[in-house]
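Novice: Note that the protein sequences, when read in sequence, are chains A and B. Going left to right, the first sequence walks through residues 1 to 228 as this note's numbering numbers them. Going left to right, the second sequence walks through residues 1001 to 1087 as this note's numbering numbers them.
I should point out that these hints are in silico values taken from the structure, not numbers from a laboratory. A hint or two may mislead.
Said to hold, decoys possible - If the Cβ cut is set under 10 Å, some of the chain B residues that face chain A in the computed set are:
1) Ile-1010
2) Leu-1012
3) Ile-1016
4) Asp-1018
5) Ala-1023
6) Val-1038
7) Gly-1041
8) Arg-1042
9) Met-1046
10) Ala-1066
11) Leu-1067
12) Asn-1069
13) Val-1071
14) Met-1072
Idealized CB from N, CA, C, for every residue including glycine.
Below are the chains, spelled out letter by letter.
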Amino acid sequence: MKVAVIVFPGSNCDQDTRWALERVGLKAELVWHTEGSLEGYGAVFLPGGFSYGDYLRAGALAKFSPVMGEVRRLAQRGYPVMGICNGFQVLTEAGLLPGALLANTNLHYTCKEVFLRVERTDLPFTSDYRQAQVLRLPIAHGEGRYYADEETLARLEQNRQIVFRYVEHQGQGGNPNGSLGDIAGIVNERGNVLGMMPHPERAVESVLGSVDGEGIFTSLSKALATLA
Amino acid sequence: MMKYHATILIELKDGILDPQGRAVEGVLRGLGYRVENVRVGRVLEMELEAPSEPEARESALSVAKALANPVMEVYALEALKPLQEVL
C-alpha cells in the first residue's frame, strides 16, 4: 500500500521521510499540496520543514492547502496519518490533533538530540517499540512548546493520548522547549493520527547517529501489511 | 460595491507565556523603561470589498477567525473604515 508524503512550499524533510519509508519496504510518493485527491494511498505523512515560511504561525497557512481536505477525510476514515515537526504543527493548526505548538520558552531554535520515553506501543506507529523504551532522536525547531488548556491536558492523560515524552537519560536530555507535561508527541483519540516534534526519519541508520527512529517506519509497515 | 480598510489584531490569550514579550520587556527594562507584562501581538491590515459596512465587518471578522488559532489566541477587529477615509 502506497504512503503519501505531502510536500508544502517550504517542506524540507519530505525526501528524508520518503527514504525512511522506502528503507523498510514501503512504497512512498511525494504529493504536492495542491493535489485534490489521495485516492489509493494507505497512509499519509506531513513532513518537517517550514511550510509557507512559517509565516503567520508555523503550520497556520498550510492547513488551508487543498490536499488538507483529503488528509482530514483519510484521518476520519481511520487511515494512519503522521505529522513530524512542522507536520505536527500543521495537524494541530488544522484541528486534527488538540493543542498548539508555541515558541520555545528560551526563544532559541533548538537543534540537538533529545531522549523520549515511549508511552504507548499499541499504535500503528509504535508497535515495534517496548513500553517505556527510551529513544534518542534529533529535534530541530523553534516552535515546539506543546500547549493545551488544563481540561485538554487532563483528557490527553486520561485517554492515554500522550505517546512520547521528553525525559532525562543518564543526566542528559530533558524537556528542551517548555512543553507542558514534557509532551513530545500525541495521538488522536482513535489512535490513527500521530504528531511528534522530534525527527524519527533522521534516525534510521547508524551513520546518522541513531537508529531509534526506525521503529516508527517498521511498525507502520507491519500495520499497513495487515490492512492491505 | 464599496472598498473598506480593516485592521485586525491577533494576540496571545492572557495567561499564556509569551517569551517574545518577555525578551522585549527585558531589553526595555535594561534601557531604563519601567514597564512590565509586555506582550507581543500581530496586526493585519487589508483592503476588502463589500456591499455595505455591516457586511464588510462580517467579512473582516471571518478573516480574523480563519487566521487566529483559538487554542492560544484571541482576535479583534481594531478598525474598519471606508477606504477613501484612509487614503
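Novice: Next step is simple, just say for each hint if it's right about the structure.
Specialist: Now the hints, each set against the structure:
Taking 10 Å as the C-beta contact cut-off toward chain A, the hint placing Ile-1010 (chain B) at the interface holds, the least distance being around 9 Å. Taking 10 Å as the C-beta cut-off, the interface hint given for Leu-1012 (chain B) holds, the closest approach to chain A being about 8 Å. Taking 10 Å as the C-beta cut-off, the interface hint given for Ile-1016 (chain B) holds, the closest approach to chain A being about 7 Å. With a least beta-carbon distance of about 8 Å to chain A, the hint placing Asp-1018 (chain B) at the interface is held under the 10 Å criterion.
Contact between Ala-1023 (chain B) and chain A, as hinted, is supported at the beta carbon level, the nearest pair being about 6 Å apart and thus within 10 Å. The restraint placing Val-1038 (chain B) at the interface with chain A is violated, with a minimum CB-CB distance near 14 Å, outside the 10 Å limit. The criterion of a C-beta within 10 Å of any C-beta in chain A is not met by Gly-1041 (chain B), whose closest approach is roughly 12 Å, and the hint is violated. Checking Arg-1042 (chain B) against chain A: minimum C-beta separation of about 8 Å stays under 10 Å; hint holds.
Contact between Met-1046 (chain B) and chain A, as hinted, is not supported at the beta carbon level, the nearest pair being about 13 Å apart and thus beyond 10 Å. The interface hint given for Ala-1066 (chain B) holds, since its Cβ lies 8 Å from the closest Cβ of chain A, which is under the 10 Å cut-off. The interface hint given for Leu-1067 (chain B) is met, as the beta carbon of that residue sits about 6 Å from the closest beta carbon of chain A, less than 10 Å. With its C-beta approaching chain A no nearer than about 6 Å, Asn-1069 (chain B) sits inside the 10 Å limit, and its interface hint holds.
With its C-beta approaching chain A no nearer than about 4 Å, Val-1071 (chain B) sits inside the 10 Å limit, and its interface hint holds. Because the closest C-beta pair between Met-1072 (chain B) and chain A is about 5 Å apart, less than 10 Å, the hint holds.
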